[in-house]
Each structure stands twice: as structure tokens, then as C-alpha cells.
Amino acid sequence: AQSVTQLGSHVSVSEGALVLLRCNYSSSVPPYLFWYVQYPNQGLQLLLKYTSAATLVKGINGFEAEFKKSETSFHLTKPSAHMSDAAEYFCAVSLGRGPDSTNAGKSTFGDGTTLTVKP
Amino acid sequence: SAVISQKPSRDICQRGTSLTIQCQVDSQVTMMFWYRQQPGQSLTLIATANQGSEATYESGFVIDKFPISRPNLTFSTLTVSNMSPEDSSIYLCSGWASTDTQYFGPGTRLTVL
Chain A
1 AQSVTQLGSH
11 VSVSEGALVL
21 LRCNYSSSVP
31 PYLFWYVQYP
41 NQGLQLLLKY
51 TSAATLVKGI
61 NGFEAEFKKS
71 ETSFHLTKPS
81 AHMSDAAEYF
91 CAVSLGRGPD
101 STNAGKSTFG
111 DGTTLTVKP
Chain B
120 SAVISQKPSR
130 DICQRGTSLT
140 IQCQVDSQVT
150 MMFWYRQQPG
160 QSLTLIATAN
170 QGSEATYESG
180 FVIDKFPISR
190 PNLTFSTLTV
200 SNMSPEDSSI
210 YLCSGWASTD
220 TQYFGPGTRL
230 TVL
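Heads up: the sequence lines are chains A and B, in that order. The opening position of the first sequence corresponds to residue 1 in this note's numbering, with each subsequent residue numbered one higher. The opening position of the second sequence corresponds to residue 120 in this note's numbering, with each subsequent residue numbered one higher.
Rather than coming from a laboratory, the hints here were simulated on the basis of the structure. Since we're looking at a predicted model, the values are computed, not measured. Treat the hints with care, as some may be off.
Okay, the calculated beta carbon distance ranges per label pair [what the hints assert, rightly or not]:
{"id": "1", "chain 1": "B", "residue 1": "V181", "chain 2": "A", "residue 2": "N103", "range": "19 to 29 angstroms"}
{"id": "2", "chain 1": "A", "residue 1": "A17", "chain 2": "B", "residue 2": "G135", "range": "46 to 56 angstroms"}
{"id": "3", "chain 1": "A", "residue 1": "N41", "chain 2": "B", "residue 2": "T139", "range": "21 to 31 angstroms"}
{"id": "4", "chain 1": "B", "residue 1": "G171", "chain 2": "A", "residue 2": "P79", "range": "47 to 57 angstroms"}
{"id": "5", "chain 1": "A", "residue 1": "L20", "chain 2": "B", "residue 2": "C132", "range": "36 to 46 angstroms"}
{"id": "6", "chain 1": "B", "residue 1": "T196", "chain 2": "A", "residue 2": "P30", "range": "11 to 21 angstroms"}
{"id": "7", "chain 1": "A", "residue 1": "E64", "chain 2": "B", "residue 2": "T163", "range": "26 to 36 angstroms"}
{"id": "8", "chain 1": "A", "residue 1": "N103", "chain 2": "B", "residue 2": "G171", "range": "13 to 23 angstroms"}
{"id": "9", "chain 1": "B", "residue 1": "G179", "chain 2": "A", "residue 2": "P119", "range": "25 to 35 angstroms"}
{"id": "10", "chain 1": "B", "residue 1": "S128", "chain 2": "A", "residue 2": "P119", "range": "28 to 38 angstroms"}
{"id": "11", "chain 1": "A", "residue 1": "M83", "chain 2": "B", "residue 2": "S124", "range": "42 to 52 angstroms"}
{"id": "12", "chain 1": "B", "residue 1": "G159", "chain 2": "A", "residue 2": "N61", "range": "22 to 32 angstroms"}
{"id": "13", "chain 1": "B", "residue 1": "N191", "chain 2": "A", "residue 2": "E71", "range": "23 to 33 angstroms"}
Residues of chain A placed beyond 10 angstroms of chain B at every Cβ, according to the derived structure [stated by the list, open to error]:
{"id": "14", "residue": "L7"}
{"id": "15", "residue": "V13"}
{"id": "16", "residue": "N41"}
{"id": "17", "residue": "Q42"}
{"id": "18", "residue": "L46"}
{"id": "19", "residue": "G105"}
Even for Gly, the Cβ is constructed at its ideal location relative to N, Cα and C.
Full structure from sequences and hints, please.
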């Protein structure tokens with residue numbers, strides 16, 4: 001079984017400030033980890049993923065995340081927030097490994113973090 | 120990235136009726152899923168759509184309420200049956216791609232009156 005905890009349902013930062021969105025996971029096997037962004041009235045867009053290669057993962061829009069196995073964390077960061085980053089962010093964990101795994105794609109999502117960027 | 124399309128994008132339905140949502144994925148996708156996102160909440164997996172056989176449902180979801188078909192590798196439908204206002208949600212089609220990445224469609228926003 002797996003679970004995801006996103007610490008902080010709402011995060012507010014000033015434009016230009018560091019963005020840090022926290023995600024901790026629980027998994028019985030090495031996981032796949034994802035961060036998605038959802039803008040109002042839109043679907044989910046993949047920001048980045050961890051699949052057991054490099055522990056520091058770079059994604060789109062200047063975001064990156066670091067997989068820390070010892071801390072079971074996968075926090076999302078961006079050095080300088082932009083107004084356009086205001087959105088809902090979801091962390092997700094999947095136990096699937098390889099396209100034939102019966103668990104591939106059965107992701108568990110965190111409750112989401114709403115990011116507000118102040119001018 | 121994999122391309123996933125859904126239709127309709129939104130609908131308003133009357134209580135007691137049914138709505139069928141269609142999902143089309145491109146050839147990168149090997150597995151298909153249906154998720155639900157209730158208002159202001161996170162995503163919950165409804166079921167895995169299996170090609171040519173019955174879908175595999177997660178706890179709390181049943182075939183009579185959410186019948187799913189997947190007649191071929193790239194197409195699936197989800198029906199929300201005998202709808203009530205509690206079914207008002209965003210329903211998202213998802214695909215697991217051969218690149219070990221999960222993608223989501225734009226969602227179908229359902230309002231039940």
C-alpha cells in the first residue's frame with residue numbers, strides 16, 4: 001500500500017521568492033513519484049517525475065524536486081516564484097514498475113497544495 | 120508526451136439519468152484508468168480499464184454504477200449511471216505510457232441537478 005501527505009494545504013509566497021511545496025510518501029516498494037499542476041478549470045499537467053534515476057529531478061517551468069529515501073520525501077521547489085505559478089499542485093505515488101506491472105498507473109494522490117503568489 | 124482526449128468536456132445532467140464519457144489515447148499508452156476529482160478534493164482512482172474484459176474496480180466503486188468499456192487499446196468509456204448530485208465531479212481519463220509516465224486527459228466536468 002502507498003500513501004502521500006502534502007504538508008500545507010495552502011502556501012503563499014511573494015513574487016520572486018522561493019517556492020517550497022512539501023510531499024512525504026509511504027511505500028512498501030521503490031516508488032514512482034510525480035508532481036502535477038492544475039490550473040483553475042483545467043486538467044492535470046505533469047511537472048516532473050522520479051523513476052529511480054537521478055534523485056534530483058528537473059521539470060518544466062523551472063521546478064525541480066529531490067527524492068530523499070531516508071526522509072521519504074519528494075519536495076517541490078522553484079527558486080523564484082512567478083505570478084503564473086499560482087495553481088493547485090498535487091504529489092502522487094505509484095508502485096508500478098515497467099509497463100507490465102499491474103500496479104502501473106494506480107496512483108495515490110496527496111490532498112493538494114494551493115499556491116498563491118503575491119505581487 | 121502522450122495525448123489523451125475526452126468528451127464531453129462538461130455536462131449538466133438531471134438526477135436519475137446516465138452519462139457516458141469517452142476517452143481516446145495515443146499509442147504510447149499501455150494502461151488506461153478512470154479517476155474522479157470531487158469538488159475541492161484530490162483525485163481518487165475509480166478503476167483500471169482492461170482491454171476486452173471487465174474493468175478492475177477500486178474499493179468503493181462498483182460496475183453497476185460506473186460501467187467501463189475498453190474495446191481496443193486506445194479507447195475507453197466510463198458511464199455514470201443513475202446519477203445523483205453526489206456524482207457531481209470531474210472525471211479524468213488517465214494513461215500509463217511506455218515511458219513510465221502517467222498522463223491525464225483534460226477531464227469531464229459533470230454537474231448533476
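- Could you check the hint for me, namely that B/N191 and A/E71 are 23 to 33 angstroms apart, CB to CB? violated (43 angstroms)
- Message: Between the beta carbons of B/S128 and A/P119, is the distance compatible with 28 to 38 angstroms?
- Response: holds (32 angstroms)
- Taking the beta carbons of A/M83 and B/S124, is their distance inside 42 to 52 angstroms? violated (29 angstroms)
- Should the hint that B/V181 and A/N103 are 19 to 29 angstroms apart at their CB atoms be regarded as holding? holds (21 angstroms)
- Status of the stated non-contact between A/N41 and chain B (beta carbon gap over 10 angstroms): violated (8 angstroms)
- Query: Does A/L7 really sit off the interface, with its C-beta more than 10 angstroms from all C-beta atoms of chain B?
  - Reply: Non-interface label stands for A/L7: nearest chain B Cβ at 14 angstroms, farther than 10 angstroms.
- Beyond 10 angstroms from every chain B Cβ: check whether that's true for A/V13. Correct as stated: the minimum Cβ-Cβ distance to chain B is 22 angstroms, above 10 angstroms.
- Task: Indicate whether the distance between the beta carbons of A/E64 and B/T163 respects the range 26 to 36 angstroms.
- Result: Because 28 angstroms falls inside the window, the suggested range holds.
- Is 21 to 31 angstroms right for how far apart the beta carbons of A/N41 and B/T139 are? holds (22 angstroms)
- Beta-carbon spacing of A/N103 to B/G171 - inside the hinted bounds 13 to 23 angstroms or not: Given a distance of about 20 angstroms, which is inside 13 to 23 angstroms, the answer is holds.
- Query: When you look at the beta carbon of A/L46, is every beta carbon of chain B farther off than 10 angstroms?
  - Reply: Since the minimum Cβ distance to chain B is about 7 angstroms, A/L46 lies within 10 angstroms and the statement is violated.
- Can you let me know if the beta-carbon spacing of B/G171 and A/P79 is within 47 to 57 angstroms? For B/G171 and A/P79 the Cβ distance comes to about 48 angstroms; the hint holds.
This entry does not satisfy hints 6, 9, 11, 13, 16, 17, 18 and 19, going by the numbered hints stated previously.
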